[in-house]
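Residue numbers (this note's numbering), protein chains in the order written: chain B, 1 to 92; chain P, 93 to 290.
There may be inaccurate statements among the hints.
To be verified - Derived pair list, reagent style DSS-like, types lysine-lysine, alpha-carbon separation capped at 30 angstroms: (1) Lys-26/B <-> Lys-156/P; (2) Lys-30/B <-> Lys-261/P; (3) Lys-20/B <-> Lys-144/P; (4) Lys-261/P <-> Lys-145/P; (5) Lys-21/B <-> Lys-181/P; (6) Lys-20/B <-> Lys-30/B; (7) Lys-156/P <-> Lys-144/P; (8) Lys-89/B <-> Lys-181/P; (9) Lys-261/P <-> Lys-156/P; (10) Lys-88/B <-> Lys-261/P; (11) Lys-261/P <-> Lys-26/B.
These are calculated hints, taken from the structure and not from any lab test.
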Amino acid sequence: MITVLILMTLGIVIGWFIHKKENILKFVSKLTNLSIFLLLFLLGLSVGTNDQIIKNFDQIGLLAITITVFAVLGSVLVSWLTYILFFKKNER
Amino acid sequence: MKGSLIILGFFVLGLLIGIYNLLPDYLLQNDYSLYALYLLMFLVGIGVGSNKKSIELIKSVNFKIVLVPLSVITGTFIGVSIFALIQDKLSIIDSLAIGAGFGYYSLSSVLISELSGETLGVIALLSNISREIITLLFTPLFARYFGKLAPISSGGATSMDTTLPVITKYIGSDYAIISVFSGIVLTILIPIIITIIL
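The following block holds chain P by itself, in its conformation from the complex:
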């Protein structure tokens, strides 16, 4: 949670500097964010590849565990498609791309702004931050009424790190491996799915 606030703080700082025009124009001319994104993707890859649980995970993988991230993807896409049908501000393509952030707001927002413009990038940022917050707040409720996979599913990609502590607290540590697995699979799939959609 503290990490998310710091990240949000940097976004707000940039926002304020932008609104009040505090930076000289020549700095705004260049688009550095693409290179920063390249660096981030490379680093995220290292993080996924070096995850010590991943070896353990590959040993424990059976048919069933794969169903968890698959359910997250299917459910998210069904949900956002219904959303796209009942309003006319966001197209189904845009809605799917935002949903495909699966809570990983830093990555998805930057990717989506590069591919489709800043407006959609900001919606992706706010939407995926709220996904993390909703998961942190409603995990007890989800776990109680919708089964042990519900908090993992709500957390999306965050179920491997930021929401993992609260998730395992309410569904038990025997589900921690499933939670981490689902988060890792979704993290890897986010850039792939978003690139395909947009």
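Looking at chain B on its own, in the form it has when it is part of the complex:
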């Protein structure tokens, strides 16, 4: 997966140099959307052909939502603390 990180870094450097070329960026943004569509389609396809996942879909869905509630609550509470300690004072 190091390839992924190298490609992303390469993209950031190239993006930095072409940040004024609107037409290229528009094309990049369209291509980004297309590749997201393709990837999610492919993920759906491999999930659809995986009986193990299809059989347990309700259980998987419930797990996913529960873990998200914990993730969101955790981050909201920690950022509340950060807000009170470092941000709130400067506003008044």
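Go by the hints and put chain P onto chain B.
Just chain P now, kept in the frame of chain B:
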């Protein structure tokens, strides 16, 4: 929101075609998704690097702004660790990896399926989609009771684009820069953290 529905639509389309076996087997033999992922990562990089706000951001960065994505990461990891302790279906490693999607479901789900299998990939997809939906729905509540950073924090990586409009509506546009900054930092860190964890 419309964009998310289209993306979800493509997932469901693939799902149905898979379930009803509508594609010939020789097409399913090859794993194209890895190459599509490489392309996406490169494009996401260009998007981050060319973000016009990033120059403005680097000028405005001080010690405090860095605390925002740091709080998101810390809080998310504390939350999912507690989750991992109270049930036995997902290990702490798997839970951390799912949490490290920070709402960026397309990227995290594909990365996680490549690294750890489709079951975990699907959980990551559903979980991180719900993170975006929860943020869209509960931003007014979070902003009111948990301070101005709470909606940014809930949004995770989505606070730079899909949830930004609703976030700035409730916490004010002076926090927009912080929101975008946090989203960009998390977007860059997602593949790094997930790769390290799994």
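Evaluation of the provided hints:
no.	hint	in the structure
1	Lys-26/B <-> Lys-156/P	33 angstroms, violated
2	Lys-30/B <-> Lys-261/P	27 angstroms, holds
3	Lys-20/B <-> Lys-144/P	8 angstroms, holds
4	Lys-261/P <-> Lys-145/P	19 angstroms, holds
5	Lys-21/B <-> Lys-181/P	48 angstroms, violated
6	Lys-20/B <-> Lys-30/B	17 angstroms, holds
7	Lys-156/P <-> Lys-144/P	21 angstroms, holds
8	Lys-89/B <-> Lys-181/P	43 angstroms, violated
9	Lys-261/P <-> Lys-156/P	22 angstroms, holds
10	Lys-88/B <-> Lys-261/P	19 angstroms, holds
11	Lys-261/P <-> Lys-26/B	26 angstroms, holds
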